[in-house]
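Trainee: Sequence:
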Amino acid sequence: RIDQIDAQDRAYQEQLERTGKPPRAPYWTLPPWGERERPARTFFVRTDWSEPSDICTVQGNEGFVAGPVTAPRYRPLAVSTNGPAPEALISEATGNLVVVAWDWRRGAEVPGERTVRRGSFLNFTQDADVMHPVTTQLKTLEEYRFNSRGLVVDMRGGEVLIVDDDGGEKKELRSPAEFMLFDARGNLIVRNEVNDTEDYRRLLFIEDAGPTAGAGMFGSGYEGGTDMGFGSPGMEGYFGP
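Going by the numbering used here, 90 is the number at position 24 of the sequence shown; the sequence numbering is gapless.
Treat the hints as calculated values from the structure; they're not laboratory data.
Given the structure is predicted, the values throughout are model-derived calculations rather than measurements.
Be careful, since some hints might not be right.
Stated by the list, open to error - Capping the alpha-carbon separation at 20 angstroms, the derived lysine to aspartate or glutamate pairs in EDC-like fashion look like this:
(1) K205 / E175
(2) K205 / D193
(3) K236 / E225
(4) K205 / E158
(5) K205 / D169
(6) K237 / D220
(7) K237 / D274
(8) K205 / E179
(9) K205 / E273
(10) K205 / D195
Could you build all of it, start to finish, from the sequences and the hints given here?
Mentor: As structure tokens, this is what we get:
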């Protein structure tokens, strides 16, 4: 059902029934050809229906992965009031969102990161880095079209929670991001930065910080200097246009 376009994002239960010829006796147990009785007809055996399967859903081709959000900025107004001064909005919230398209011809996920705000339409064209699913080689697809037909409804997060000055270096800890979106079928979905952290780093090939970060999987190459470029024989046209 994965290849059926109308099956995506729908729930199914399935039952199976097998039809086949009955098992035949081994040839060495049969009488000579001239002494065999001619069968009256050829018939088939049908099994009973199996138990219904669990409810399963085939996912669509597009997905969304949440990244960080920059909180909106406000400026207090210089007016004389007895309470707190009112604030004016200077810039609204923006966030990083990754649109993931499944490319059937290449058999790979194609990620595209965008800086979005409320009302952003998630159809765009840009260069995308994609990994070969078998060899893990990287290739940049130029002017790749993302047709997710998604829409950003709202977002929140990015507010400063605490300033950590342990060790003499101040680091701002901010609230995690959340995005509310409409997908191509009009479903209202919510993506959370905490839940999507691993996918966000995996899709954008972000290495973990540390002393061995330069020798990571997507660094200069494997141990021993193996090149991860697309120079292997026979692979030149796999990620062609």
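Trainee: Confirm or reject each hint.
Mentor: A quick look at each hint next to the structure:
1. For the hint pairing K205 with E175, the CA-to-CA distance comes to about 12 angstroms; that is within 20 angstroms, so the pair holds.
2. Straight-line distance between C-alpha atoms of K205 and D193 comes to about 10 angstroms, which keeps the hinted pair within the 20 angstroms bound.
3. Pair hint K236 plus E225 holds up; C-alpha atoms about 16 angstroms apart against a cutoff of 20 angstroms.
4. Pair hint K205 plus E158 does not hold up; C-alpha atoms about 35 angstroms apart against a cutoff of 20 angstroms.
5. Between K205 and D169 the alpha-carbon distance is near 14 angstroms, which keeps this suggested pair within the 20 angstroms criterion.
6. At most 20 angstroms may separate the alpha-carbon atoms for a hinted pair to count; K237 and D220 exceed this at roughly 27 angstroms.
7. About 18 angstroms separates the Cα atoms of K237 and D274, which keeps this hinted pair within 20 angstroms; it holds.
8. Restraint check: the Cα-Cα separation between K205 and E179 comes to about 16 angstroms, which is no more than 20 angstroms; the hinted pair holds.
9. Our distance criterion of 20 angstroms between C-alpha atoms is met by K205 and E273, whose separation comes to about 18 angstroms.
10. For the hint pairing K205 with D195, the CA-to-CA distance comes to about 6 angstroms; that is within 20 angstroms, so the pair holds.
Going through the hint list in order, the structure does not satisfy hints 4, 6.
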